[in-house]
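Generate coordinates for the entire structure from the input sequences, incorporating the hints supplied.
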Amino acid sequence: MKILVFCCDWCSYPGADLAGILRLEYPSEVRIIKVMCSGRVDLMLVLDALRQGIDGVMVTGCHPGECHYVHGNMEAERRIELLRSIFERSGINPRRVRIEWISASEGEKFAEVTRAFKQEIDEIGPINQGEIDAAEIIHDVFSSERARLVLGASRRAIELEGVDPLWYKGVLERTVREEVLRERILRELRKTGALSAHELAERIGEPAKEIFWNLIAMKRRQIILDIGIVDDSLKFAIQEGV
Amino acid sequence: MSRDEIKIGVYVCHCGINIEATVDTARVAEFASHLPGVVVARDYKYMCSDPGQELIREDMRELGVNRVVVASCSPRMHEPTYRAVLAETGGNEYCFEMANIREQCSWVHKNREEGTKKAMDLVEGAVARAYLLEPLEPREVDVIPACLVIGGGVSGIYAALGVAEKGFKTYLVEKTPSIGGHMAQLDKTFPTLDCSACILTPKMVDAARHPNIELMTYSEVMDVSGYVGNFNVTIRKKPRYIDIDLCTGCGLCGEACILSGKIPNEFDMKKGKRGAAYVPFPQAVPLKYTIDPENCIFLKKGKCGKSPACQEACPRDAIDFTQREEIVEIEVGSIIIATGYDLFDPSTEPQYGYGLPNVITGLEFERLINASGPTGGKVLLENGEYPKKVVLIQCVGSREIGGRTYCSRFCCMYTAKHAHLIEEKIEGAEVTVLYTDVRAFGKGFEEFYNRVRSEGINYIWRDLYAPIEVTQNGDGLKVKAEGVGPIELDADMVVLATAAVPSRDAKEIGSVLKIPESPDGFFMESHPKLKPIDTASDGIFLAGCCQSPKDIPDSVAQACGAASRAAISLFRGKVPIEVISSQINEEICSGCRMCEEICAYGALSFDEEKGLMTVNEVLCKGCGSCASTCPSGAITMKHYKDAQIFAQIEAVV
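Those protein sequence lines, which keep their order, are chains L and P. First residue of the first sequence: 1, per this note's numbering; consecutive thereafter. First residue of the second sequence: 1, per this note's numbering; consecutive thereafter.
Be aware that a few hints might be false.
[Said to hold, decoys possible] Derived list of chain L stretches under chain P, where covered just means 3 residues or more per stretch with a C-beta under 8 Å from a C-beta of chain P:
hint	stretch
1	8-20
2	68-81
3	120-134
4	147-155
Everything labelled a hint here was simulated from the structure, so no lab data went into it. Since we're looking at a predicted model, the values are computed, not measured. Cβ atoms here follow ideal geometry from the backbone N, Cα and C, with glycine treated the same way.
In structure tokens:
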């Protein structure tokens, strides 16, 4: 089993040090990666870990209101929350990622949360191929511009322009889900050549109607093209050079 | 540096047996020697020792090692040590990485096989990262040659004098109307029995008159931003409703106030009374009156008789009810926190009987026995008589199981002093001390304790974890406890040696300054032994009881130390600043401005002409939130590049 813990330079890393100073045992599967701030933890880093087969990823940072960099931890929380809700619908157990606040004086808490996380991962078992494949797809989604733009604009929208946070969260989740679906469509097309909305729906397991609208949107962006009606249905293929 | 020039040296430390006991360091070094880029891997007893450091220097000179990985303790402990080795030997200090195989491995795992395996993984991660690290150039900024001291007790006063004496402007901010702190409330000081006010008040005056010290009493620090060398501090000066330039401290307003002698005086632990216009004590510095807005009838109701009596009485027209709070901004290079302590409230633990007549705390006792206190130095019962049987109870609220587990450190000695003073001042009084362990650790303490015991004071051992009960018994009190056998004592006065607890305002100051607290709630020092004065934040230092309970000599010593530490950067005139900053790839940046609001420091701004973002590297603190937000991947964080982190993740598991 492999567990990755991101620690920030100011609170949770010294918190982990304190666990050591106090000789508090925690699972040896835990591997710590130090970053300056939990806000540095790009979702790509988390997803990269999962697609490598790491069974659980925990992001840790300063308590709310105590971030050394003011609000980096809140950005981290926003991202992890989004990831968990995306995972729920993508076949990845959302319990594989979590976020925890650990201050420099909470050595005991560091040991506790890592023990609890290990136990949780024990319960849900090692990451399976389906989850790894799904992580790969979501990784690609978060390396493309659209999902990152909508996620990146969260703070501006919610905290500075007063957009309803729940509504924005909905938009964000919808956008990412859509991007995940499009990524899956692309993968199927790449594999098979040309497919219709119904054929794609069967392979992907999502409603044909939703797939069709996404095909249209992708066609408009010239990512794919329709190659006309073959065997009574409209088929789509990847645009050359994409 | 092209990849084939990369020569990594790996050094695995035994840390005596701290690491070696759980990690086979020789095997880890052997493993590391086969990793990509590694030209030499060694294990050694103490890498941080001189010969250990010399190993690195030698390999840099002889083998051309240009990247160093040390697998030992936390980088928070020795990263600066090794970085200095690289810099001195002609390398770049940022081409260095530590694998924390002590705090994260040998100290938290018991199985040697598991520990060794994990240590290998951690070293592999560090090597993978070191392979991709890039040399960075250290940067410096100018230091504002001024210091802020928060808290005007004995620690704050000595800290401020210490910095001011070195020639730097010092702001001494105190939340109450006068400096002096708890020490000003004390009568005699142990073990020498010299009068507290007599030794403190001259220092209070020195601080007030020092040309380099700007005293800001009745003021609070609201906000601090910036970094070592360049802190911006926002201070709220509360209105005194008295023009301190005009006030001479004559006291006519205090006498005239129609509430004179009616409001419990906090300085006297509410055993004495004051008016709404008041000075907390006669030797207050500055000796300027303050009108207490919570009690003043005029301030509360807008009317006080025909016209306020204080205003009528003041011969210099100093009273000004139109005063408003003032927000002052100052800039300093370093900060000393000296916010002191508060006393545990014994009424939260009813077994001690606090609230019954003649059950008082040690600090209340100090006010009673003080010649300038409310009773003129007479320790009297509430009925006006002298007590005949006094029981002093130690460790009230300290050394608990769970909760306040710590020792408050100064109560043993002040209890001995109280016993001595009662014996001296009240003829025939019978004094009993209920103690658990007498901790007489300081200079002259043991001698003082022996002297007090020989004066006929009855010291009885009590079991701290057995029940204790202080109850009313007719006109007097009864104390029941357990020691060698059951203890039952009649008393007419009980004095509680209450625990020192973190100052009520400490949490707020801590969050403003971003200083973490230890589990006991006191501010956490940077290292418990080697950096007892520094905090985790550069340029912010601790003095006195805000760090842990201390007696006066220890507080003064730490304050003088803090003054020296705080003056270092002021003397140097320059401080190194964060090298880790973000960088924008202009080829990729789309100018979407997504990073602009993510940055808490305004380090990223939009260049209208180019239509791109630009970074102000002095403002950038290197958190990296912008890099993880950038939709197009145009931002890279120096020293924490995506590739560097990816490589470490891949290698570490």
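Three residues or more, CB to CB closer than 8 Å: is that satisfied between the stretch 8-20 of chain L and chain P? Answer holds; 8 residues pass the 8 Å Cβ test.
Do three or more residues of the stretch 120-134 of chain L come closer than 8 Å to chain P, measuring C-beta to C-beta? violated (count 0)
Three residues minimum, CB to CB under 8 Å: does the stretch 68-81 of chain L make the cut for coverage by chain P? Let me know. Per the Cβ count (7), the hint holds.
Verify this for me: three or more residues of the stretch 147-155 of chain L with a beta carbon less than 8 Å from a beta carbon of chain P. Holds, because 6 residues of the stretch 147-155 of chain L bring their Cβ atoms closer than 8 Å to Cβ atoms of chain P.
Of the numbered hints listed earlier, the single one contradicted by the structure is hint 3.
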